[in-house]
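Asks: These protein sequence lines map, in sequence, to chains A and B. Straight run, no breaks: the first sequence in our numbering ends on number 1504. Straight run, no breaks: the second sequence in our numbering ends on number 136.
Simulated from the structure, these hints should not be mistaken for laboratory data. Even glycine gets a Cβ: it sits at the ideal position worked out from N, Cα and C. Errors might be hidden in some of the hints.
Selected chain A positions facing chain B (in silico; Cβ < 8 Å) [said to hold, decoys possible]: (1) Arg1088; (2) Arg1089; (3) Trp1153; (4) Ile1154; (5) Ala1219; (6) Ser1223; (7) Pro1224.
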Amino acid sequence: MLQSAGANSGRRRVVVTGMGMVGPLGLGVENVWSRLIAGESGIGRITHFDPSDLPAQVAGQVPEGPAAEGKLTLSEWIPVKDQRKMDRFIHMGLVAATEAVEDSGWKPQTEEEKCATGVMIGSGIGGLQTIYDASITVHEGRAKRLSPFFIPSALINLVSGHVSIKYGFQGPNHSVVTACATGVHAIGDAARIIMFGDADVMVAGGAEATVCPLGIAGFCSARALSTGFNETPGKASRPWDKDRDGFVMGEGAGVVVLEEYEHAKARGAKIYAEIVGYGMSGDAYHITAPAEGHYGAYRAMRSALKSAGVTPADIGYVNAHGTSTMADDLELEAVERLFGDDARKLAMSSTKSATGHLLGAAGAVEAMFCMLAIRDNVVPPTLNLDNPSRESVIDRVAHTAQQRPVNIALSNSFGFGGTNASLVVRGV
Amino acid sequence: MSEIADKVKKIVVEHLGVEESKVTPEASFIDDLGADSLDTVELVMAFEEAFNVEIPEDAAEKIATVKDAIDYIEKQKAA
């Protein structure tokens, strides 16, 4: 009885009026989307540092170069003197937020409008490289030389802080930290802030930049990263494929502008999609691994459908968490259980096959891929899915994008600690 | 201009991202060059590092302009 249980009526509707992203496929939503649909991969050998003595040597890094080529030149976005005061994850968040805010055209003028505009951008890990560098300074006995910008450079909520300062957004200023579920939680929670009337506009998403020695070494130690494709980076991220051997780290940020529907309509804003459903759960099982059957994922998805007031038959596309680890098949099993016979009509892909895993930014970027799938009636592919380790009636969009009608889509993100979040978006 | 003054100017330009022409002796870090309180802490650290001097907190608080910094460092170096 999912349909009737949906509590959609009477609540303030929340739509997406701006999008911004930067990641391994480059800078800018349209650029990233067209490369994704074309089946391109953003994975390469790590160049941020020499990874030779680490088992994992590939990652998705933001390409540097002119904006006209869809690449990032940081000084075009953040003055050089300010860059030193922020870890790279803040750079990423600010770039994506700037694109999203400008895309939305929302420029609050009055005090009231500024106070009704908030920010909620999270990160899974935060300023890891900054903490690493500062630790060395202290270890060398130079604690008095520690930069006064060390703490504000590393703090996760400082993306939200910087965005609010840049634009004068004086509404709720918040941040999410739920590992790889951060991006979905940020958008879902920010949407509820609008639904509850605490704000009319929220800039929400996630940012991450942990392609650094400590980040790669740490996930290597947890046996989480792919190590068998160092010579063929484009093949390393292969969700559901039998040869997958771990996830590939990605960096970047995804930010959306969420807006109350009437507010957006009144100013004639372009509307990408509506946030209609949001579900959360906890595994209560293990710090890094999901339980057999992935009932946590199942419950998060079920709650999201319920809050959207839709049934599995309504969902045309699922953007899977699908990290290219053993857990891929558990998520698949949970989706099959929830969708039942409707699984036969479903398209589900993992865009991490092309971008790598952007950790705290992943959920935000992938929610936008769902919205773009709805806009264009195209579902992005799962690269490298040559031989599925488990058969399924679900079309996992192997290798190439597909044209197919999508009105409503679901995005999954699950994080260490056993945290699960799902988001349902619909065309308007 | 002394060697110390040149070096101070260079550090200020680099840390505050301002044009060299604005870094006059009378320029106040906060009022004229756009620094905030954390910027001035970092600037003083940079002076300490570059000139190999100790600038105690109470002395640092009195360094408000480019000239203040140059004078203080020159005095330390002469001592």
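Asks: Hints numbered earlier in the text: which of these fail when held up against the supplied structure?
Replies: Violated hints (numbers, rising): 1, 2, 3, 4, 5; every other hint is consistent with the structure.
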